[in-house]
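There are 4 protein chains.
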Amino acid sequence: MNTAILLLSCPDKPGLVAELTNFITYNNGNITYLDQYVDHTEGIFFMRMEWTLDRFLIAPEKISEYFMTLYAQKHQMEFKLFFTDRKPRMALFVSKLSHCLYDILARYTAGEWNVEIPLIISNHEMLRPAAERFGIPFHVFEITKENKAEMEAREMQLLKENDIDFIVLARYMQIISEDMIAAYPNNIINIHHSFLPAFVGAKPYHAAYARGVKLIGATSHYVTADLDAGPIIDQDVTRITHKDTVEDLVTKGKDLEKIVLSHAVQKHIEHKILAFKNKTVIFN
Amino acid sequence: MNTAILLLSCPDKPGLVAELTNFITYNNGNITYLDQYVDHTEGIFFMRMEWTLDRFLIAPEKISEYFMTLYAQKHQMEFKLFFTDRKPRMALFVSKLSHCLYDILARYTAGEWNVEIPLIISNHEMLRPAAERFGIPFHVFEITKENKAEMEAREMQLLKENDIDFIVLARYMQIISEDMIAAYPNNIINIHHSFLPAFVGAKPYHAAYARGVKLIGATSHYVTADLDAGPIIDQDVTRITHKDTVEDLVTKGKDLEKIVLSHAVQKHIEHKILAFKNKTVIFN
Amino acid sequence: MNTAILLLSCPDKPGLVAELTNFITYNNGNITYLDQYVDHTEGIFFMRMEWTLDRFLIAPEKISEYFMTLYAQKHQMEFKLFFTDRKPRMALFVSKLSHCLYDILARYTAGEWNVEIPLIISNHEMLRPAAERFGIPFHVFEITKENKAEMEAREMQLLKENDIDFIVLARYMQIISEDMIAAYPNNIINIHHSFLPAFVGAKPYHAAYARGVKLIGATSHYVTADLDAGPIIDQDVTRITHKDTVEDLVTKGKDLEKIVLSHAVQKHIEHKILAFKNKTVIFN
Amino acid sequence: MNTAILLLSCPDKPGLVAELTNFITYNNGNITYLDQYVDHTEGIFFMRMEWTLDRFLIAPEKISEYFMTLYAQKHQMEFKLFFTDRKPRMALFVSKLSHCLYDILARYTAGEWNVEIPLIISNHEMLRPAAERFGIPFHVFEITKENKAEMEAREMQLLKENDIDFIVLARYMQIISEDMIAAYPNNIINIHHSFLPAFVGAKPYHAAYARGVKLIGATSHYVTADLDAGPIIDQDVTRITHKDTVEDLVTKGKDLEKIVLSHAVQKHIEHKILAFKNKTVIFN
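Protein chains in written order, with our numbering: chain H, 5 to 288; chain X, 5 to 288; chain F, 5 to 288; chain G, 5 to 288.
Calculated directly from the structure, the hints in this document are not laboratory data.
Just to be clear, a hint being listed does not mean it is correct.
All copies of an identical chain are treated as equivalent in the list; a pair is satisfied when it fits inside any one copy or across any two copies.
[To be verified] Computed cross-link-like contacts, DSS-like style, restricted to lysine-lysine with a CA-CA straight-line distance of at most 30 Å:
id, residue 1, residue 2
1, K78, K164
2, K283, K247
3, K149, K276
4, K207, K271
5, K100, K152
6, K17, K149
Predicted, not measured: the structure shown is a model, and the values here were computed from it.
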């Protein structure tokens, strides 16, 4: 059953919840999900609302215009509107490690996610067999310092042709250029193999081992121009001991990484994440 | 600053959120907290709303009557109304173990909780020095099979005289009679030293050791007539290994117990728990 | 590099560690792993020792005999001897849910485990495509009440032909008969979708939802003749709230199940589990 | 019953475990605890051994000399010897926050720890009533930039007079000078209110809030001359959401801090920590 999902933020003021829920109810929509939150420090109101469309008086293709006219301009709102009968289209970027890739494809193949994955992009041939097992086109762009601009332009062309909504970097070991980030604002999800902001950058497990931490972690976040510094979506940790070698950390970390990344992807697919400044509001 | 807190549940229907938030906004209240939740399986709407009273048009002592007349009867609501300038009054019941008692008194003394603790009740003398350290009256009722009815009657008299709102069983090793439970419905909080429903009843750490579990837990819950079967408020676990003896489980469990109990007490003091049937809605 | 692994238990007595480590050192073995543990309650000594074989004076095929003669009989030891150049052979049993299957096959295909998986057995056709993606023979035995004995006999024949060492029930929804359990003592690993001993038997997520728990769990254990009562290998939990439906519990539980099962399988493959009575000693 | 505890490290070589356990067994000691670990990367052997003294042939006051002569010099060992009938003496340093102080005193008063706490030192008067509740002498040294050297000299004099073995900084908000650190190497335990190495230095909860992390943590560690960079003993985290304010982080963090600090203190009291370079080996 098709429903509409509205994600919005605006300066807080009294009466917003009543006004916005009345918009749905008065127009014969049945609200199936409602959650709101006020950041009292910033004075910002956040809301996620989902409602049925079968008897809703405003045609789906007109809702955005009506909402802009009647509410968004008046309240200086930023908003996004989604429909559940439009599956988001996701591109997977991978390099050599397969654990996040398999975790995502297993969920996808089992039908757990309302998403389409029309293609996988890599800078290596190594995971082609994995992609082929699941029948998903696999495109290799071998990026070097010299050809990076050209290769990314071709990648972006391919993403465009495939009508891609968002990108998941499943342990993709290449820094994404600012152009591509700008083209997909808060639509590129990365998994970093540490509990950020600790151990930014390369080889975080080696750094964790050297520091002698008793917990290792993983962090999923939206990619911004600052390396490993974008809005955090999810984090988790697992306990380690002095007995664990760097290789043990890598092995234990893989389980964290794939779960923390898949949770972020799921929330993104469900349109339950609102990025604001450098943070996220995660509805549940 | 005095605020009002409304906790309510009723059969779900469209427009409730707008109607109820308008009640506050139209009468010059400023909503500082709003959270609602619909149990779609049961068709029940739950809400917690908090608002400022300084310019609110309805006098505090009249709000309950007005709300009953205007909304509660119409929508078959159950509701509770609290004011933050009225500190809840809590009675602590203890036996021989001090860890939960100290944890609660440390928070209380540090001013972390908006609560009054006018008395501590015990079935043993052992913890009198602990109570005296914090200057809280300590009453001993040595309960036996024979005198249980009489002793509990005297306890209830004492609770009444002290205007007690709710009771916390901080590892109190006596079963509370149905009369007392009936006098404080969903107002008696217990800590059970297992992750319920596993290991109901006596000696759960011995049972956990015998079963060879790899996690031990603690559960805070409201007391009902069914032993260890009331609505669960909070639970947590910690990892153990084959190396842990029963004594180790007891030691590790104490940290779980005190934190899980104190979290439940805090939520109760903040009026963020709504018990419905045999479950809890926990607002955050 | 081939190493030998010795797992043993015996009544505790002074000098065992010295005697057993000297056996390796005096015979030119280099101990690469040593861990021991005394259960002082039971008076039992447990040890896991691993050593290099390249200069070891006793030929691999003779070690078991020598050890039996020189130490095991004298100290009433039970012991198992493994060699790392002999990959354990594992049979996977599945029904309709794919998450545990994919998690295991992803690790297997990536070469993370020193194991062979020569076949997958199911009571349904549904997961044949998943098995075929990874090129592993898939055998269906549609078990009914009437044909159960015969079908299991044929399964056991197939297991024997494939020289299977141990079985993993990856959400296999059939109760294993006592004959098969007896044929693979402490060599059948199951994943149960609750934190045992809570919610034994069918539909644990429904039971957890009905009870209103705040944590759900998963438990991997060796299968014994008592349903869901065998030695526990690993357990984990995740936090849920009143907002989670039964379907949410199922979804969240899947991530627990696959990780908790795979951790148990990994420990089993590494010969780091010693089952004693109804518990496990897990070396790390 | 008095037992001896030996903590040692040395370059790894074959036969060490046998040689060292034989030392105890041959001299009529009964080993009640044995754990060893080899760091194969560094090539270092670590061991903790505990044994009974009632029939041990070497007098307690001679053990250290004998062990040095017979083993330590030969194997370039560093070792520490403790006796359980000698209670370690601990000094508590506090400032204005009481939660860690109360947690420690509650355990101490309940007799959970084999320790003496002869005094509490503070740079403020604020927690004097807390100390007096438990009957422990409370000494205030109001440290300023100008008088720091003199005040610390007087503190160290007081520590010496009280025969203090180790110091616990229970949210003590003063940087310890290098002289004091040098006087108590790996004997000053601090609690830092973040998961190190993230958020080193002042106001970590504010920094965590600003970064938008989804987990906050606490870290107990030995104090070295580098701020918040000493060997980590224990860490833990708790989940937060976008709804949590800085004040919420502070409140939630307190529970982490007190538990993580007390766990570290307990391990230290039990002589189960071996600091090596900038890491810890934690025996369990």
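Outcome of the hint check:
{"no.": "1", "hint": "K78 <-> K164", "result": "neither (34 Å within a copy, 54 Å between copies)"}
{"no.": "2", "hint": "K283 <-> K247", "result": "between (36 Å within a copy, 11 Å between copies)"}
{"no.": "3", "hint": "K149 <-> K276", "result": "neither (37 Å within a copy, 46 Å between copies)"}
{"no.": "4", "hint": "K207 <-> K271", "result": "both (27 Å within a copy, 26 Å between copies)"}
{"no.": "5", "hint": "K100 <-> K152", "result": "within (19 Å within a copy, 45 Å between copies)"}
{"no.": "6", "hint": "K17 <-> K149", "result": "neither (50 Å within a copy, 48 Å between copies)"}
Checked against the numbered hints given earlier, this structure breaks hints 1, 3, 6; the rest are met.
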